[in-house]
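*Asks:* One letter stands for each residue in the lines below.
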Amino acid sequence: MRCVNIFACLLILVPGLVWAQTKDDVQEQLRALEERVHVLESEVQTLKAAQAAPTPPTQAPPPPTELPPGQAPAAPTQLPPGAPLPPSRPLPVYGGASAAAKALNPDVSVIGDFIGAGGRNTIRPLPALEMHESEVGLQAIIDPYARGDFFFTFGEQGVDLEEGYITFTSLPGGFVARVGKMRSSFGVVNTLHNHVLPWIDRPVVSEDLVGGEDGIDDAGVSVNRILPVPKGIFLEATGQVFRGDSGDVFSHTRKSDISTVGRLRAYRDLTESTNLDLGLSFARGHNDLGSAYRTQLYDLDTTLRWKPLRRAIYHNFLMRSELIWSEREEPSAVQRAFGFYTASDYRLNRRWTVGGRYDRSGRARNAALTDTGFSGVLTYWPSEFSQLRGQYRFTRYAEGRDANEFLFQFLFVLGAHGAHPF
Amino acid sequence: MRLRFPQILSSCFFIVALVFPSANQAPAFGASKFKVVTATTDMAALTEEVGGDRITVESIARGYQDPHFVEAKPSFLLKLRQADLLVVVGLQLEIGWLPPLITQSGNPRIQVGAPGYLDASQFAEILEIPTGVITRAMGDVHPLGNPHYWLDPENGRRIAGGIQAKLTELKPDDAAYFEERFQSFSQRLSTAEKTWDEEMKPFHGRKVVTYHRSWPNFAKRFGLDVVGYVEPRPGIPPSPRHTVELIQMMERENIKVIVVEPYFDLKTPKSIARETGAQVVVLLPSVGGEKEVTDYFKLFDYDIALLAQAFKSNP
Numbered sequence: 225m226r227c228v229n230i231f232a233c234l235l236i237l238v239p240g241l242v243w244a245q246t247k248d249d250v251q252e253q254l255r256a257l258e259e260r261v262h263v264l265e266s267e268v269q270t271l272k273a274a275q276a277a278p279t280p281p282t283q284a285p286p287p288p289t290e291l292p293p294g295q296a297p298a299a300p301t302q303l304p305p306g307a308p309l310p311p312s313r314p315l316p317v318y319g320g321a322s323a324a325a326k327a328l329n330p331d332v333s334v335i336g337d338f339i340g341a342g343g344r345n346t347i348r349p350l351p352a353l354e355m356h357e358s359e360v361g362l363q364a365i366i367d368p369y370a371r372g373d374f375f376f377t378f379g380e381q382g383v384d385l386e387e388g389y390i391t392f393t394s395l396p397g398g399f400v401a402r403v404g405k406m407r408s409s410f411g412v413v414n415t416l417h418n419h420v421l422p423w424i425d426r427p428v429v430s431e432d433l434v435g436g437e438d439g440i441d442d443a444g445v446s447v448n449r450i451l452p453v454p455k456g457i458f459l460e461a462t463g464q465v466f467r468g469d470s471g472d473v474f475s476h477t478r479k480s481d482i483s484t485v486g487r488l489r490a491y492r493d494l495t496e497s498t499n500l501d502l503g504l505s506f507a508r509g510h511n512d513l514g515s516a517y518r519t520q521l522y523d524l525d526t527t528l529r530w531k532p533l534r535r536a537i538y539h540n541f542l543m544r545s546e547l548i549w550s551e552r553e554e555p556s557a558v559q560r561a562f563g564f565y566t567a568s569d570y571r572l573n574r575r576w577t578v579g580g581r582y583d584r585s586g587r588a589r590n591a592a593l594t595d596t597g598f599s600g601v602l603t604y605w606p607s608e609f610s611q612l613r614g615q616y617r618f619t620r621y622a623e624g625r626d627a628n629e630f631l632f633q634f635l636f637v638l639g640a641h642g643a644h645p646f
Numbered sequence: 002m003r004l005r006f007p008q009i010l011s012s013c014f015f016i017v018a019l020v021f022p023s024a025n026q027a028p029a030f031g032a033s034k035f036k037v038v039t040a041t042t043d044m045a046a047l048t049e050e051v052g053g054d055r056i057t058v059e060s061i062a063r064g065y066q067d068p069h070f071v072e073a074k075p076s077f078l079l080k081l082r083q084a085d086l087l088v089v090v091g092l093q094l095e096i097g098w099l100p101p102l103i104t105q106s107g108n109p110r111i112q113v114g115a116p117g118y119l120d121a122s123q124f125a126e127i128l129e130i131p132t133g134v135i136t137r138a139m140g141d142v143h144p145l146g147n148p149h150y151w152l153d154p155e156n157g158r159r160i161a162g163g164i165q166a167k168l169t170e171l172k173p174d175d176a177a178y179f180e181e182r183f184q185s186f187s188q189r190l191s192t193a194e195k196t197w198d199e200e201m202k203p204f205h206g207r208k209v210v211t212y213h214r215s216w217p218n219f220a221k222r223f224g225l226d227v228v229g230y231v232e233p234r235p236g237i238p239p240s241p242r243h244t245v246e247l248i249q250m251m252e253r254e255n256i257k258v259i260v261v262e263p264y265f266d267l268k269t270p271k272s273i274a275r276e277t278g279a280q281v282v283v284l285l286p287s288v289g290g291e292k293e294v295t296d297y298f299k300l301f302d303y304d305i306a307l308l309a310q311a312f313k314s315n316p
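Chains A and B, in that order, give the protein sequences. By our numbering, the letter at position 392 of the first sequence is numbered 616, and the numbering carries on one by one without gaps. By our numbering, the letter at position 226 of the second sequence is numbered 227, and the numbering carries on one by one without gaps.
Just so you know, these hints were derived from the structure itself, not from any lab. All figures in this text were calculated on a predicted structure; none of them were measured in a lab. It cannot be assumed that every hint is accurate.
Said to hold, decoys possible - So the derived label-pair ranges between C-beta atoms look like this: (1) A/Arg574 / B/Asp226: 22 to 32 Å; (2) A/Asn573 / B/Pro116: 15 to 25 Å; (3) A/Pro606 / B/Pro101: 23 to 33 Å.
Ideal placement from N, C-alpha and C gives every residue a C-beta, glycine not left out.
Take these sequences, add in the hints, and give me the full structure.
*Replies:* In structure tokens, the structure reads:
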């Protein structure tokens, strides 16, 4: 009975003691929290006061640091008036913390070139449907003195390095130099990648005298410079030395069988909307018959452009002619062939362009054979990054055979393809 | 050894190039009047405000030209090869034409990263920076943000401040002169801003449709609400379906003003205006868009006057 009483007393007293203890703890915690709130309130007031204080007048802004292209500034907040933004702003991070490192990767692009052909051509037939070319471009600034450009072409038959070169942009004396594999500066069409041609094919004279699609495309060194000429005339000289191996045009059997290319280009704005471009080029190298035999090419090109600035995206006109002479040394004689094309394009509106081309050319290996032809071209642009083109082409080959063909092309651009020189 | 024609021609190229190097070389900093080339007329106008008569300024693009689509003409190289400073808008506005010009110029001073290369976008408040997945399905979107940022006077002040700092860095002898010019510009801008704010105050919150996304900074600054675009996506020409949807939206929202840049065709905006009873207003995104718009102040004077008139006529 005594134990029961003691147990009963404990049952009554212990909760009371525990409750009293808990009450003291809670009160202490509340006091601590109140103190903390007071401290925080005073800190907030201090911050508010600091923010409300007038900004000292802007002195000379600190020298800003340029962001290289590809580096993205973020949207600023709470900008004091009259002051430039802080020079270093974080890059937007899209894929995680390592995304900043990707900012230094080269610009990557892929251009798809799908071609189809209908009609009959027994001399130079084209496949009915062909993924003609996929051009992969890698372009970046290398360092403060140079930039690099690579263009790989993936065809159905294999892969080729179309161009891959370093351009030295900071040479003294106004010189610009390139080293690597490149399309030579011979004429106009030879310098152009397929996707910037105004036609699906290349002119007959390119096929007959300058190696067709590959053209003069070789490893070597190029130097060009703007020459001083008065009256707003642009004059540029280019000199190039190559290994001497350019498909059908030049071959080398010895190291000394190099080829050379030179070009002089003159340009002038006739009016704000109209300009005239003239070029004179030569190329010289050894042909496939051996070191003793050379091929020399000469080119004269003229381009007249009209593009009204206020409506540049809707209308423009271009007329271009290129005349090419070839001298190919052979054991029996020198084959002297001549060919040309003349072409024009007119942009009807933002999406449609119409054009035409006339071709005539002798053949490099047999100048007595002459091919002629003409084409009509219609191009549709759904956007800047895709293009649909149709071309009717008639060719009368020297063998006496005529070819009537309808070609069509889908071009599409993925990624950031850098602009090509004008 | 008999010299052949190509050898003679190639020799001539290099002889000419080597004989006249001094005529082609740009003068060093401070050797003559400091030459600034800018990508657009707006950058030229702001540079002129700061540089005054101590510099010469030339713009590549004209004010009435679409700055996205400028031809990289060789005649621009004649300007660039002599430039001491190149000021660009950046944010990939000039990506289609300026990079090859810079490379071909043969001028080490204005190469990207060199002291004479200035990207003005670093000073400005940039809007419409895309987040998440960016694809060309969004049109010709600028991944780094909307590049038409100079259409907020506050950004104009910041850009001018950045240009002042750069000019001071490259021409330290004229630092006081540039500082004085900048302060004068800033004060005149503050005064003009009050006038512009006053003129636009009655129209705060007005909804408008624009052709291209050229106006986010302008709209934010002056309290306009851009609710639709004539282009279905940036850089994509208007389609019939989008035009019908836009007309329906404009009727539903009672939108009475369509803002068009001077280099876009007015055919579609006018047909939309006919259907909706709206007014087409050709606003200038750049200095030089019209003959009388010769500086940064006149650009806003012109645009705000036209816009206010359009809002008054179409309450």
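*Asks:* Each hint should be assessed against the structure and marked as holding or not.
*Replies:* Hints versus structure:
1. A/Arg574 / B/Asp226: 22 to 32 Å: Given about 28 Å between the Cβ atoms, the range holds.
2. A/Asn573 / B/Pro116: 15 to 25 Å: Check failed, 44 Å falls outside 15 to 25 Å.
3. A/Pro606 / B/Pro101: 23 to 33 Å: This hint holds: roughly 25 Å between Cβ atoms.
Violated hints amount to a single one, hint 2; each of the other numbered hints is respected by the structure.
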